[in-house]
Structures are given as structure tokens and as C-alpha cells.
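2 protein chains.
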Amino acid sequence: MASKNQLFLGLFVHSKALDELEYLHNTAVCVDKSGTIVAVESECDEARARETLFPRLGWEPNEVDVVCAREGQFFFPGFIDTHLHASQYPNVGIFGNSTLLDWLNTYTFPMEASLANLAKARRVYTRVIRKTLSHGTTCAAYYATVDVPSTNLLADLCFSHGQRALVGRVCMDQLSPDYYRDASPRDSVAATEQSIAHIRALDPDSHMDMSRALVRPVITPRFAPSCSAELLRSLGDLAAETNLPIQTHISENKPEIELVAKLFPEHESYAAVYDATGLLTDRTILAHAVHLTEKEADLVAQRGAKVSHCPCSNSALTSGACPVRWLLAKGVVCGLGTDMSGGYSPSVLEAARQAVLVSRHVAMGGGGDGDKLGVEEVLYLATRGGAEVVGLRGKVGGFEVGMEWDAQLIGLGMVADDGEDRAQQGEGQGGGEDDGDVDVFGWESWPERIAKWVFNGDDRNTKKVWVRGRLVHQRKGEW
Amino acid sequence: MASKNQLFLGLFVHSKALDELEYLHNTAVCVDKSGTIVAVESECDEARARETLFPRLGWEPNEVDVVCAREGQFFFPGFIDTHLHASQYPNVGIFGNSTLLDWLNTYTFPMEASLANLAKARRVYTRVIRKTLSHGTTCAAYYATVDVPSTNLLADLCFSHGQRALVGRVCMDQLSPDYYRDASPRDSVAATEQSIAHIRALDPDSHMDMSRALVRPVITPRFAPSCSAELLRSLGDLAAETNLPIQTHISENKPEIELVAKLFPEHESYAAVYDATGLLTDRTILAHAVHLTEKEADLVAQRGAKVSHCPCSNSALTSGACPVRWLLAKGVVCGLGTDMSGGYSPSVLEAARQAVLVSRHVAMGGGGDGDKLGVEEVLYLATRGGAEVVGLRGKVGGFEVGMEWDAQLIGLGMVADDGEDRAQQGEGQGGGEDDGDVDVFGWESWPERIAKWVFNGDDRNTKKVWVRGRLVHQRKGEW
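Chains D and E, in that order, are what the protein sequence lines are. The letter at position 319 of the first sequence is residue 319 when you use the UniProt record's numbering, and the numbering goes up by one with no holes. The letter at position 432 of the second sequence is residue 432 when you use the UniProt record's numbering, and the numbering goes up by one with no holes.
The shape of chain D in the complex, shown without the other chains (with noise of 0.2 angstroms):
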């Protein structure tokens, strides 16, 4: 948590619904000391903040820190990254021309078992935390591995470095290699349950409030291959017991369905197998869901399941093309996903762009025009549809009164008056500053410059970073 009072000031832009973002100029947003968004007034600056915002809150003058968004800069909400592996992170970018099922057991499942060493654990997950903090991601849902003491341990770095998290042990009994699995589905649930008890003791606030910690625990199983029955009804049952959230994989791709129709010929779907094992919940996070059936779709709106739509690994692994604005016509609530490493990017900017690229290919690969999601849209799961996901909407996503203050400041480069390279040539005090591959040249519209931003926007954009207030990532150079 932030120390002082924070007013924040300048332009602040935030999605207002799927298709719109709202654009709030000259701004003031008033943060109190536990985090939350306590004012949001329009045309107003640091003057009037304090003839008039200040009192109405009850807050000493100067007992408030303040940050202005410089010309051309804004805030937007933090990213919410609904599915990454931080366990696979060493691995981003290499996975060959496999897909799913070998490159599980090429790639993912001898590195996820490495970390059982702890201190090889504790480097990935500090840089995996580092490198997605860097881009504004403010809200991760985390697979660990099989292991207690390095989940257990990535739980902590998060609440260290202070970013908001969900992490859950990885749940497998079965079609996995013999030494990187649970011996029986009671093992699974044990360890499962230590490592729930340890998440739950490392934030105060957890134990009154679970929706009030930073980091919360989540039930786990890997996917329905990798899970017997026994092992997914326990948690489902666990995942009743405890409330908590859940996440899981599902219809990532075609020999997938196929394995999980061969191994449950009871269900008759993938989504029934979740469903029967009480693993289909309001609380459930799906990564993928790539070729669910009609009627799949239908039951997972119905069960009020999330899903988390991975672009960047669906293509690299030659998965498919997830038909979004299909589900979200059915009422399916969608966030984006990293999916590293079978994603290749640490960005949830870069998962939203290749969210408008690939709902470009369903639009030609049958679909129509009604299948492409622009530049409002992507933002708009980044953040708001992400914090559905997560179970946190109304707390994170947006600037509005009663919210957290999980927040970017973005600053877009200005190409000077000769198109050189100011920042490049160190010209100016001590070096101009690399603002990245944007390119501003003044005439652009705000809109045009979002849309600058999302296309080749990087971690050089993401001056600062802030999780319930307090400030977690500075870019070198920024003050």
C-alpha cells in the first residue's frame, strides 16, 4: 500500500463499455493511503484539488504526494493477465514447430519440473514478476508447478514485489511423465491444500476478506488429460468447500478434444467433464476454448465460467483461432491471456494486438466482418474483461470512485521536428530517453495515438506502474 494520499493528474483513458473508451482530460483521481480510488473530478488541476478535493476528503495538504501525466502522456488501468505459466517463462519464444501435446512434454514439463529447485525457482519467478510488472501488468492468474515449496514461494514474490495475484499449484495424476506428477489424487489435494493455507497466511487482509488479498490461491488442475476423475471431482469439491477460484485449460486444440472424448466417454463434451466434477463454476478461468461446440459455449455462459483468450499461443502453437466475438455474443466473459510460454510474449499489449490480428484470420476463415475486434475492443478485455475474469470486477479495470488504483502511466515517443533520433543520440541532459518503436508526430488524434500504442507499444511506453496504490515498477530515467 502507498504511505500517503496520491492525487493523480492529466488525461486518464479507460474502457466505458466493450467498444468505447472513455478519454478524461485535465483529471483529477484521488487515491487514499488503503489504495482505492476515493475521487475522480473532471477539469480539474492541482490548484483546485486542493481548494476543493482536498477538504471535501478530509485530507491534509501536505500530507499528499501528487503525479501529473506529462503533455502527451496518460493513465490507463493496469493490464490483468488472466493465464500464464510462470513456471515456463525460460521458455518463451521456443517451442519449434511442436503443438500442444508434445510440446508438453518436449518443452513445458522438464523445465516446470526443474523448479523444484528453489533457487532456480526463485530467479524465474522474480524475473517473470520483473518483466510482466515492466509492461503494466498489475493483475497476473499464475500456474506454478506440481511442487509446494516453489509455489508456495512465487506467492511470495508476488506479494513482494506487490503484485496482484492469482497462483495455484499445478494438479496432474495422470498421462504425465513419471517424474513430474501427483502419486494419487489424494497427494494432489494434500499438497494442494498446503499450498492454499500458505497463500492464505501471507496476507493479513485474506483472512477476513479473501477478495480483499493481493495474493489469493487458486484450485488447479492442469486439464482434464492430465487429472483422473477422482482427482477433478476432489477438486471440485475442494473448490466448493473453500469458494475459491479455479483455473484450467480447455478444447486448446483438436487432438486435445479428441484424448479428453477417449478418456471421459461418459461426458458428452470437454465442458461436461468440468462440469460434472463441479469444476464448471462462476469462479472458473478457461484458457483457450478455441473450439468449443455451440453447445459447449452455451453451458460455459451458463455456469457464468470466464474465459481467457490467448492469441499469441494459439497461433504459435498452431492451435486455431478463437472465435471472440462469438463468445461474447453468447454472454461468455473474456479476458486476455500471455499463455507463456506456449505464448511467446511477457506483454498483455502484445496479446492484444494479436487479438486484432487473429480475429482478423476467424473473419476469413469463414466468419464475417462481425468477427473482428478493433483497438476499444482489446483494451477493453485487457482490463475490464480481465478483471471479470479474475473475480474482481468493480475493484480493478477502470477509474471510477470505490475502485483500486491498479494503474500505468503511458508515455508515447514524439518524433522532433528533423525526424532524428533525439533519445538515440543522447542529446539533452543526460540522454534522451527511449520512448520506443510509437511514433508521434503531433497531428494525430487521441484515438489514432491509442491505436499507435497498441500496435507498437512496448515496456518503454510503461513509465509507471502501480498496484492498490503503491509503486511497483519505474522505468530507468522517469521521475
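Hints may contain errors.
[Said to hold, decoys possible] Only pairs whose alpha carbons sit at most 30 angstroms apart, straight line, appear in this in silico DSSO-like list of lysine-lysine:
id	chain 1	residue 1	chain 2	residue 2
1	D	262	E	372
2	E	476	D	476
3	E	372	D	372
4	E	262	E	330
5	D	372	E	476
6	E	372	D	254
7	D	372	E	254
Hints listed in this document are in silico derivations from the structure and should not be mistaken for laboratory results.
Given the structure of chain D, go ahead and fit chain E onto it with the hints provided.
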């Protein structure tokens, strides 16, 4: 050109064949004052080079500049961008949900026309040259605009910045806005000849042997729909007289193909229109070629025309997914193009990454695993393939004696033992350097490091760039 002979030492990586990268460890490459590679020696350090290579080459030891790749760095051939519109650069990322024909009228023609203002053109063209150089693009096939003075300015700027380039004045005399078109075929050809004369006069080398010129003119009918049959024929004649390269677009999206069929009913296909007018030659660069029929692809192969594959653009504008493997199997030479601003990115590395992903959509959309392109293939297209597309086969694109030194020095980020981000924290003298998103843990093989670079690399990894031996870009803080 470089003023001294140069010795490059370390690891060199280049394409040996379409599916094979060669790793030349502990190697010395000697580049003479003309920028030509005169020796490639394995198992050779500086002492050995001084002892054996310098005497053999007749080099004075104190007249040699030495450049060493540091541990973990490597030299890679410069990228060749076989298709981009310098004049559309300010619009990158701005395309909404448009497709080709409405995109041209909404975004593209107004921007191109506005560059008749030379001050604006200088700013935009300087920026695009600086930007593409910073991404390792040592050679670019540029479209400028209809306007002669600003087209000539682009050529001047490429020459002064030292970027190898083909620069084309855009020809279009129909189906274009009144404010932006040639008044007649005759005017179009006359203006093109003016621009050719200007560009030829730029480089003294070009009078002896045009293929030696750093900046070359290229005959540039925009595409069949915006050119009358008479203009196409005249430009075909001009190409035959001058022996100059040609660049145009073909079969980018379906409405465009239907339009060509309507406008040129006497020809049986889009490719046949170019063939009948003398524009389908072995010096022709065809951008896109997404929807060629089998017969057209055979014709293109027979004529030896080349294809510029532009995956970012084709996905962004919902144009289609180009079956590159199928074209290659037919014997069509292919390279990569950023196609800014149909494509959103200035980076050929991004085009390579998207070529991998788009090939997977080809595979999923009815093709098969044989349609997939891997890391090796897309890097081949970005270097050797591109060189052949722009008429520089055997001259650039690899590290071989007799080739010119168009190269980039690549450095990847190394993860510290504790996983923290030292560069970000500005530790060490003067603050660490920002190596971008690629994180090498140390256990990765070289092919794995190259894959990490392809999927997460950006301009931060491109430390230095040379064209014909001249250092044309260097990242701040590099030494």
C-alpha cells in the same frame, strides 16, 4: 564507405539454406575499405588475424579498425525490407477495421499527397530511415509518392544516411482522387524519368554499374487498378529500355482482384495484366501475392518475378494468409516486407515473427503442417531471400568472401542470478543498458537463443548496423 579496413571477430550467424542457419564461432571476417568481405576465417582471434590474415591481404596493421562481438553477442546479416511505403510511415497502426480499398481512400492517399510539402516529407522520411536502420534494415525497397521532388528527397536522405535502397516514384493515373494522381500516362512516365535521372546522378558509382549504386531507382506502377493499360505498357517499355527493377502490388485482397478482372477483361488474370504489359520480369517485386491462382503462380515463377510477403499487413487489413511454402515450392523467390503502413511495424524481425504465425494460420485453414515456416525459414526470407528479391543475390545477405558488409551486431539480455533487472534499476556505472525483452538464462543452446530473439527481440537488441562497411546506426551506450 568505411575509411579503414575492418576486422570483425566473434560469432557470426547466417542462413546456409532455407531451413539451415550456420553458426560461425570464433571467426574473423575482414572487410576492406570498399565494404567488401575479403576473408572469412574460422578459429581465428585478433592475434592470429594480425599474424596470418593481414599479411595475406596486404593490410597495414595500424590501419585496421577492430570490432569484437562480446560474449553472447553475434553478427547477423542486415535485414532487407522488400516492400514499404516511406510516405505512409506516420500512419502505422492506424487502420481501424478497414480493408484495402477503403483504407487507401480513408488513410493513405491523403497522407501521401500531403508529403508534397517538402518540410513534412523531410521529417517523415528522415524518421522512417532512422527507424528502419535502428531495426537492422540495411536495404529497403521504398515507395515514395507521386510527387517528384519529395521522391527525390527520399533518395537523397537514404544516400546521406547510408541506407541501401530502391526508391520508386509512384505512378497512378486512374481510380485515384483528383488531388493525387498523374494527369496522363505521358506525364506519369515523364515524371518517373525525372526521378530516375535524379537518383542516378546521386551516386557516382551508378554510372559505371547501376548494381553498384547504394540507392537505385525502381519503376513503380502502384497497382493495376490505379493504372491505365497505356500507363502500364509505357512503364513496361521504360523498364525494358532502362533495365531497371520494377515494384508493384498483386492479389492482395479479393475485392481488388475482382476490380482488376472488371478493369482488364481482356486478360485472364491479375498476373497476366502485368505480363502482357512487360511488367512481369525477373527484376519485378510483387508485393503480397496472397491469392494467386495456380496458373498465376506458375507464370510468376516462369518469368522469375519475386514476391514480397507482408504478413503484418495481410492480417491487419484482413487481406488473407499468403501460402508462402506453396510459392517457394513452385520456385518463386520470396522475401519479407513490413509494408508500412498496411503493416503496423517498422521491423523486419516483427515481419519474420508474423510470417511464422501466419504460416500456422495457412496450415490451420486447410493446408497442413507442410505449410509452416519456422525460425530458420523466416530468417532466410529476411536476409538471403530478400537479397534475391531486390536483385542483390550473392551481394548481400550472408557472410561470404565477395559479399558486402551489410550487417548488424545483436546482443541479448542476460538474466542476473537473482532475477532482478539490473538495467532497469540503473545499477553499475552509468546505469545498465536496456537489452529489451529477450531474457537469456544461460543454459539455452544457440538455436534457442535465436528463437528467443525472433519472438521477443526488438531494436534494443540491434546494437550496431553497417551498410557496405559503414557504421550507419549505433545504440546509445554501445561502445
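Indices of hints not satisfied (ascending): The structure conflicts with hint 5 only, although it agrees with all the remaining ones.
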